[in-house]
Amino acid sequence: MTDQATTEQQKADDERENRVLLVRVAENRDMAAMERLYERLRPRLVRFMHRLTPDMALIEEAYNDVMLIVWNKATQYESRAKVSSWVFTIAYRACLRLVKKSQRRNAMIHLTDNEQLDAVSADNAEHVEDNQHLAAAVHQLSAKHRMVIELCYFEGYSIEEIGHIIKCPANTVKTRLHHARKKIKAILAEAQRSLDTDSNRGSV
Amino acid sequence: MSQQSDNHEDKAMAMLEDFINGHLSDDDARFMQQRIAEDAELAAQFDFQRRLQQALRAEAGQVSEAAEAGAEGRFQFASVAARIDQPRPRRRMPVFWAVGATCAAVMLMMSPVVQDRFGGDTGPTVNEFETAFDAGQTAGGQQLHVLLRSPLPEHERDTLLRDLGLSLEYVEQGGRLLVVTATTTDNPLQAIADELDARDVVIATTVVGGSE
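Heads up: the protein sequence lines correspond to chains Y and F, in order. So for the first sequence, this note's numbering puts the first residue at 1; every next one is plus one. So for the second sequence, this note's numbering puts the first residue at 1; every next one is plus one.
By construction, these hints were calculated from the structure, which means they are not laboratory data. Among the hints, a few may not be true.
Simulated coverage check for chain Y against chain F, where a stretch passes if three residues somewhere in it have a Cβ under 8 Å from a Cβ of chain F [to be verified]: (1) 13-25; (2) 40-47; (3) 59-66; (4) 155-164; (5) 175-189.
Examples of chain F residues lying across from chain Y (beta carbon under 7 Å, computed) [to be verified]: (6) Glu17; (7) Gly73; (8) Arg74; (9) Phe77; (10) Ser79; (11) Ile84.
None of these values were measured; they are calculated from a predicted model. Ideal placement from N, C-alpha and C gives every residue a C-beta, glycine not left out.
Whenever a hint applies, use it, and build me the whole structure from the sequences.
Next comes the structure, spelled out in structure tokens:
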């Protein structure tokens, strides 16, 4: 079996177990199943949230809020959807709030990311579009644009799944992705321009 | 570029994200590979998106480590369990609706239409009016019985009856029921009854008893 097939099998097994746990929560109000679900979903969701803000206190608060909603709304889960994408649907709003709270606290994300981008840019003027630059540029997007980029390219959800998660038509998802990519390119181009200006000054 | 080629390019552009994430069927994936090989702009888009994906995933390792390190001592299920055990705050909406429904019901009960149909505490019902009619017939004298839409203030009632040519010598009012006993100087009661029937304030009239 290839690595990819193994990974797919692993994902399918995870999904099956998550579904069983969620059904136990919904039908039996099973606290042990809820605790297991809490632990199982935590790495992925916390990692996702950590990409939006480094503030672990805010992330903990947001994650606990999400899981409380999962407990309260477990009976509304429709088995057609993946458990993970259903939970992401709940987490989406929490993540938007998380980003806003984080921005209110010292405009943390933008300040950090601008510094990060500048630092990276200064390191290597020749390869402004390398991985670090791209990732840093993503951090400068607005919350909504950043979320679709993360859901698409990092989490690997399909356009349809993202539409389901953020409760938008697929075309809106595509439009947001288009604008987000355009913005990333503009950020990179701007970084490149400022580097060129700096190097010209240096040479003069 | 032909129309067909334009359509293919649009379709390919629209499918690019799902292609990168491996969400396309085998046929569609083959179509995409072919289009990327043929179209430089699409190939550039594909390249950019794939590098974006790689960049985010490459960053993920660092983020995961940082997240795990920051998560130490946090994320205790007990804190969620404690909130689960707490009784949920009472919803305010049902109270709002209950108050609203009560107000609506009171207003409805006060409306003349409902009072006409179902009666109320302001006067006799239609049945009581009919009972009075029967009583008048039994008494033998000629009387005009009027069922009003709502009780009239005394001066309004008198003005109304006087305008119709009644002497007001024998007028009794109990709530919405008005009983007028005719005198010899009064206009014919049936003519007055016909006039009253046309008034908005009157629901029904009847002349009972007497020789008329």
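Identify every previously stated hint that the structure contradicts and give their numbers, smallest first.
Hints 1, 7 are the ones this structure does not satisfy, whereas the remaining hints hold.
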